[in-house]
Amino acid sequence: AKETAMSSTKKAQNTHSWKDYVQVAKKLGFQRVTVINRFDCCIVNKTGPDPNYPCLWQDGETVVNELNELNTDWSQKSKQIFYFYGMKFEIIARDSRSAKWIQCKNAN
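Read in our numbering, the sequence shown has 20 at position 24, and its numbers run on one by one without any break.
These aren't lab readings, by the way, just hints derived from the structure by calculation. There's no promise every hint is true.
[Unchecked claim] In silico DSSO-like links for lysine-lysine, alpha-carbon gap of 27 Å or less: (1) K84 with K15; (2) K22 with K42; (3) K73 with K96; (4) K23 with K96; (5) K15 with K96; (6) K22 with K96; (7) K42 with K15; (8) K101 with K73; (9) K73 with K84; (10) K101 with K22; (11) K96 with K42.
[Unchecked claim] Pairwise CB distance ranges (calculated): (12) D16 with Q54: 31 to 37 Å; (13) F26 with E65: 17 to 23 Å; (14) K23 with S74: 31 to 37 Å; (15) G56 with K15: 35 to 41 Å; (16) K75 with F35: 18 to 24 Å; (17) G25 with V59: 30 to 36 Å; (18) S13 with T58: 32 to 38 Å; (19) K15 with I77: 26 to 32 Å.
Beta carbons are placed, not taken as given, at the ideal position from N, Cα and C, and that holds for glycine.
Given these sequences and hints, build the entire structure.
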């Protein structure tokens, strides 16, 4: 709903700032960067090798839906693994109050 209320100029400015964020992350050494609006699961900006977007994949007997991962309550300490880019990541730090971010390391 917020996005539809924005003017096209505001949308362009917002997209531009995320493009800058992606470029800074690449300069810091990140190979893949994906910015996703968690409210509607739309990709705001992305770069790097595929997959660089939420996808569906198989982990042994488990089917992983990365869109579901984005909708998970990350504040729950019981949530130890985050799946994205077709890989498993161990959650090593989190925003335990508002669940807006997690910090992970590759668990593969």
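Hints, verified against the model:
no. : hint                     : result
1   : K84 with K15             : holds (26 Å)
2   : K22 with K42             : holds (11 Å)
3   : K73 with K96             : holds (14 Å)
4   : K23 with K96             : holds (24 Å)
5   : K15 with K96             : holds (20 Å)
6   : K22 with K96             : holds (22 Å)
7   : K42 with K15             : holds (8 Å)
8   : K101 with K73            : holds (16 Å)
9   : K73 with K84             : holds (17 Å)
10  : K101 with K22            : holds (17 Å)
11  : K96 with K42             : holds (19 Å)
12  : D16 with Q54: 31 to 37 Å : holds (36 Å)
13  : F26 with E65: 17 to 23 Å : holds (19 Å)
14  : K23 with S74: 31 to 37 Å : holds (35 Å)
15  : G56 with K15: 35 to 41 Å : holds (37 Å)
16  : K75 with F35: 18 to 24 Å : holds (19 Å)
17  : G25 with V59: 30 to 36 Å : holds (32 Å)
18  : S13 with T58: 32 to 38 Å : holds (36 Å)
19  : K15 with I77: 26 to 32 Å : holds (30 Å)
Going through the hint list in order, the structure satisfies each hint without exception.
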